[in-house]
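If you read the protein sequences in the order shown, they are chains X and W.
Counting from 1, position 218 in the first sequence corresponds to residue 218 in the working numbering; the numbering is continuous, with no gaps.
Count along the second sequence starting at 1, add 1000, and that's the number in the working numbering.
I should point out that these hints are in silico values taken from the structure, not numbers from a laboratory.
All values derive from a computational prediction rather than experimental measurement.
Hints are not guaranteed to be accurate.
Label pairs and their calculated CB-CB ranges [said to hold, decoys possible]: (1) X/Lys134 to W/Ser1156: 20 to 26 angstroms; (2) W/Pro1281 to X/Ala29: 53 to 59 angstroms; (3) X/Arg131 to W/Arg1159: 40 to 46 angstroms; (4) X/Leu97 to W/Leu1255: 41 to 47 angstroms.
Think of the CB as a built atom: it goes at the ideal place given N, C-alpha and C, for glycine as much as any other residue.
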Amino acid sequence: MGRLLDVSRVTAGYGSITVLRDISIGLDAGECVGLFGPNGHGKTTLLQTISGLLKPTGGTISFDGADITGARPRDIVNAGLVQSPQGNTLFGEMHVLETLELASISKRARHGKAQNLRRVFELFPRLDERRTQKAKTLSGGERQMLSIGCALMCAPRLLMLDEPTLGLSPRLKKELAAAVGNIAKSGVPLVIVEQDVEFLLSLTQRLYMIEHGEVVREIDGDNAPDHDAIMQLYFGEAAH
Amino acid sequence: MIDTLIATIVSGLVLGSLYAMMASGLSVVWTTLGVFNFAHGALMMIGAFVAWTVSEAVGLGLLVGVASGTLVAALIGVLIERLLVRPYYGNRNMLLITVMTTLAAMIILEKGAQMIWGARLKQLPRLVDGEISIFSATISAHEAILVVLAPLILLSIWRFNVRTNTGRSLRAVGQNQRSAALIGIDVPVAFAIAFGLSAALAGLTGALLGSIRFITPSMGAEPLVKAMIVVIFGGLGSLGATAGAAYVIGLIEALLILWLGLYWTPFVLFLMMIVVLIFRPNGIFGGRQ
Ligand SMILES: Nc1ncnc2c1ncn2[C@@H]1O[C@H](COP(=O)(O)OP(=O)(O)OP(=O)(O)O)[C@@H](O)[C@H]1O
Ligand SMILES: [Mg+2]
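Please put together the full structure from these sequences, using the hints given.
What follows is the structure in C-alpha cells.
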C-alpha cells in the first residue's frame, strides 16, 4: 500500500500552455499538507488536475492505491477525493439547503446525508440561518462556507481546499480558519492552498512551495521557517 | 359575440397547451446545456410518425403507439446530443456551431421521414371519441385531453426539477458545470438526460397532435416557430415564465385569427416578437439575465 494521495511527475496545462511541469506531491492517511507560492504558478491547476477537470499530459495520480489519472470527476468524487474550489460561485439560483442536499448525490455520500448535514450546520451556523437563501445572494464568506459545506456533504476521505479564506475580512478569515481546523481535527486529511504560510503551518505538518508549476521547496515541522524567512521566500523570489 | 369569444378562448387554450409542451422541452435543454435545439420540431414529427406506424401500420393500438413515439423521439434526442452537440462542448463558438448541427439534424430527420413514410398525408385516430362542450364552445374530447395533460406535464417537470436529485443536478449543471462535476454529478449524463427528456416531450406532443393535424415530414416546423416566439416572450430561463408565455401566445393567436384571419396572424405575431425583442430583450416575463 502506498500513500493516500500520490501525484507523480505530472505535466498538465491548458491547450498548448504547459502549467505543471513534472510535479510530484503526496500525503499519507492522517496527514495535512499545505501548498503555497506566488499567484499564477499552478496551484489551482494542480488541484483541478487531481480532481479530473483537467487531463494530465504526463505522469500518474493515484488515490488510496487506485490509479485515477485521467478519471472522470464524478468517479474521483465517488472515491472520496473531494475539492472545494477557489472563488467558487456554486449554483446561483439554488438555495443553501438544496445545494447541500444535492452535494450528497454520490453513492458513498448518500447514506451519511442527514449526519453530514447536521455537521455542516454545526460548523457553519450562518448556513443554518440561511437555509432557503439563494446562493447568489450570499456574502463572499457565506459562499465560501457553502462551498466547504458542499465538499463535506460529499463525505470526503481527502479534502482539498483552494484558498478558503481568499478575500475575506480578518474576522471572517479567523472564523473560517477555525472551521478548517475543526475539520482537520475530526480526522479528515486536508490539502490546503493558501498564501498565508503561518496559517498553513498552524494547520498542516508539511508544506510544498510551488513555483512555475514545480515544487521548489518542501517544508516540514523540523525546518519550518520563521516570519522573516517566509518574507524572504516570497519577496526574494519576486526579485528575479 | 360572447359565444365566439368563448370558442376563441377555448381554441387558444388548445394552442397554448401545444406550445407549452413544445417550449418547455426547449427550455429544459437550454437551461441545462445552453443549446437551442432546432431539431425539436423534427423530433415531434418523428413521435407522430412512429406512433402512426406502431398503432396503424403494425396495429398495436394507439396507446402503445403514443408510448413508442415518445420513446423513439427520446432515443433520437439522446443520439443528437451525443453525436452533434457534445463534440463541440467547451468550444468558444458552441452556440453557433450547435445552431448549425441541430439544424442539420432537423433536415436529416425531415428528409429521412420523407424517405421512410412517403409524402402521403397520415392521421392518427383520437384517443377518445366524442366532443366536450365548455359553456357554449365545443372541442373534441381528444383536444380536451391535451388541455388537461399539458399543465399536468408542466407540473411534473417542475416537481422533477425542484424535488428530485436528477432534476436538481440538471439545474446545477446548467448553472455551473465545474462545481457540478466537483460534487460528483456526471455532467455528460446530465446532458443526455436533458436531451432525452426534452425529446420525449416533443415526441409525446407530436403523437398527440397526430390525431388533430395531418402527419407530414414538415409538421414540426410551424410548432417550432411558435415555440420560438413563446420562448422570446417568456425567456428561456424559467419553466414558469415559458409556460405562462405559451398560453398567452396561444390566446393571442386565437384572438388574432378571429379578428384578422389566418392570413395576417403570423405577420402580427412576428411584429409583436420584434417589438418585444427591441424593448425587452430578455422576454416579457424574462426579467434580468
Ligand atoms: N482556463 C485557463 N486557460 C488558460 N490558462 C489558464 C487557465 N486557467 C489558468 N491559466 C493559467 O495557468 C497559470 C496557473 O494558474 P493557476 O490558477 O493554477 O495559478 P494559482 O497558483 O492557483 O494562482 P492564484 O494563487 O492566483 O490562485 C496562470 O498563468 C494562469 O493564467
Ligand atoms: Mg489558485
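If you check the beta carbons of X/Leu97 and W/Leu1255, does the distance land in 41 to 47 angstroms?
Given about 44 angstroms between the Cβ atoms, the range holds.
Supplied distance hint 53 to 59 angstroms, evaluated on CB atoms of W/Pro1281 and X/Ala29:
holds (55 angstroms)
Just tell me: holds or violated, for the beta carbon distance of X/Lys134 and W/Ser1156 against 20 to 26 angstroms?
holds (24 angstroms)
Check the following: the C-beta atoms of X/Arg131 and W/Arg1159 are separated by a distance inside 40 to 46 angstroms.
violated (20 angstroms)
Of the hints listed earlier, the one the structure fails to meet is number 3.
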